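Visitor: Work the whole structure out from these sequences, hints included.
So the chains spell out like this:
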Amino acid sequence: DAKTTQPTSMDCAEGRAANLPCNHSTISGNEYVYWYRQIHSQGPQYIIHGLKNNETNEMASLIITEDRKSSTLILPHATLRDTAVYYCIVRLTGANSKLTFGKGITLSVRP
Amino acid sequence: DAMVIQNPRYQVTQFGKPVTLSCSQTLNHNVMYWYQQKSSQAPKLLFHYYDKDFNNEADTPDNFQSRRPNTSFCFLDIRSPGLGDAAMYLCATSGITPSEAEAFFGQGTRLTVV
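Chains A and B supply the protein sequences, listed in that same order.
Going by our numbering, the first residue of the first sequence is number 1, and it counts up by one from there.
Going by our numbering, the first residue of the second sequence is number 1, and it counts up by one from there.
The set of hints was computed from the structure by calculation and includes no laboratory data.
Accuracy of the hints is not assured; some may be wrong.
[As the list claims (entries may be wrong)] Which residues of chain A face chain B? A few of them, derived with a C-beta cut under 8 Å, are:
(1) C12
(2) A13
(3) Y32
(4) Q42
(5) G43
(6) P44
(7) H49
(8) Y87
(9) A95
(10) N96
(11) L99
(12) T100
(13) G102
[As the list claims (entries may be wrong)] With a cut-off of at most 27 Å between alpha-carbon atoms, the simulated BS3-like pairs for lysine-lysine come out as follows:
(14) K98(A) / K52(A)
(15) K44(B) / K103(A)
(16) K3(A) / K17(B)
(17) K98(A) / K3(A)
(18) K52(B) / K98(A)
(19) K52(A) / K69(A)
(20) K38(B) / K17(B)
(21) K3(A) / K38(B)
(22) K17(B) / K98(A)
(23) K38(B) / K103(A)
(24) K38(B) / K98(A)
(25) K44(B) / K69(A)
(26) K3(A) / K69(A)
(27) K103(A) / K52(A)
[Claimed, not checked] Beyond 10 Å from chain A on every Cβ pair, some chain B residues (computed):
(28) N28
(29) T60
(30) Q65
(31) G84
Bear in mind that the values here come from a model prediction, so they are computed numbers and not experimental data.
Where is the CB? At the ideal position from N, CA and C, for every residue including glycine.
Guide: Put into structure tokens, the structure is as follows:
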């Protein structure tokens, strides 16, 4: 699975959009971009994933560049409960695909 | 309703005494994963199963073993826990198609070694 690079941390104000970047320059054509988050003392939680097209769900939006070498997770109106570590993961799907975590980015939402 | 259940939530074991952590799922997923997570670190994949096929990570110590008797259950056995094995242990499941490949995690078992 391709490697990802994320900033160590960022913060944003409550109610504002949080834009979390991720670089995955070695991504291959059939690898998906997944985002998970982990709130303190809980198991990781799936947020969203995509292959080429931008995706949106009730939690977030995922913007993938045309060359697929980077992506941005957007939390449109961050709340204090969005304070967590966010992991960007590139992986294949299929029988032998595994899910490995990098260091992630710590998002702090301030009042 | 919880779909991936880990028991117990907290486990205290003695140094060197075998301990087993359990995970069950109601999702009928093919893939089950075990992770170790230490304080302020990312989850570290120990091994995963695709159905009965076991896939061990190269750097997982031999002290860690796993069993998957059926689709619903998976166990993590630590044969001789050391102080360095104190951590949160996370279980997760997923399907294999792109639409099913999101992983669901349990709440974890926090292991203390005394």
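Visitor: Decide, hint by hint, whether the structure agrees.
Guide: Outcome of the hint check:
{"no.": "1", "hint": "C12", "in the structure": "violated (21 Å)"}
{"no.": "2", "hint": "A13", "in the structure": "violated (25 Å)"}
{"no.": "3", "hint": "Y32", "in the structure": "holds (6 Å)"}
{"no.": "4", "hint": "Q42", "in the structure": "holds (7 Å)"}
{"no.": "5", "hint": "G43", "in the structure": "holds (3 Å)"}
{"no.": "6", "hint": "P44", "in the structure": "holds (5 Å)"}
{"no.": "7", "hint": "H49", "in the structure": "holds (7 Å)"}
{"no.": "8", "hint": "Y87", "in the structure": "holds (7 Å)"}
{"no.": "9", "hint": "A95", "in the structure": "holds (5 Å)"}
{"no.": "10", "hint": "N96", "in the structure": "holds (6 Å)"}
{"no.": "11", "hint": "L99", "in the structure": "holds (5 Å)"}
{"no.": "12", "hint": "T100", "in the structure": "holds (5 Å)"}
{"no.": "13", "hint": "G102", "in the structure": "holds (6 Å)"}
{"no.": "14", "hint": "K98(A) / K52(A)", "in the structure": "holds (20 Å)"}
{"no.": "15", "hint": "K44(B) / K103(A)", "in the structure": "holds (10 Å)"}
{"no.": "16", "hint": "K3(A) / K17(B)", "in the structure": "violated (37 Å)"}
{"no.": "17", "hint": "K98(A) / K3(A)", "in the structure": "holds (13 Å)"}
{"no.": "18", "hint": "K52(B) / K98(A)", "in the structure": "holds (15 Å)"}
{"no.": "19", "hint": "K52(A) / K69(A)", "in the structure": "holds (10 Å)"}
{"no.": "20", "hint": "K38(B) / K17(B)", "in the structure": "holds (20 Å)"}
{"no.": "21", "hint": "K3(A) / K38(B)", "in the structure": "holds (21 Å)"}
{"no.": "22", "hint": "K17(B) / K98(A)", "in the structure": "violated (30 Å)"}
{"no.": "23", "hint": "K38(B) / K103(A)", "in the structure": "holds (12 Å)"}
{"no.": "24", "hint": "K38(B) / K98(A)", "in the structure": "holds (20 Å)"}
{"no.": "25", "hint": "K44(B) / K69(A)", "in the structure": "holds (24 Å)"}
{"no.": "26", "hint": "K3(A) / K69(A)", "in the structure": "holds (11 Å)"}
{"no.": "27", "hint": "K103(A) / K52(A)", "in the structure": "holds (24 Å)"}
{"no.": "28", "hint": "N28", "in the structure": "holds (15 Å)"}
{"no.": "29", "hint": "T60", "in the structure": "holds (12 Å)"}
{"no.": "30", "hint": "Q65", "in the structure": "holds (18 Å)"}
{"no.": "31", "hint": "G84", "in the structure": "holds (20 Å)"}
In this structure, the hints that do not hold are numbers 1, 2, 16 and 22, in rising order.
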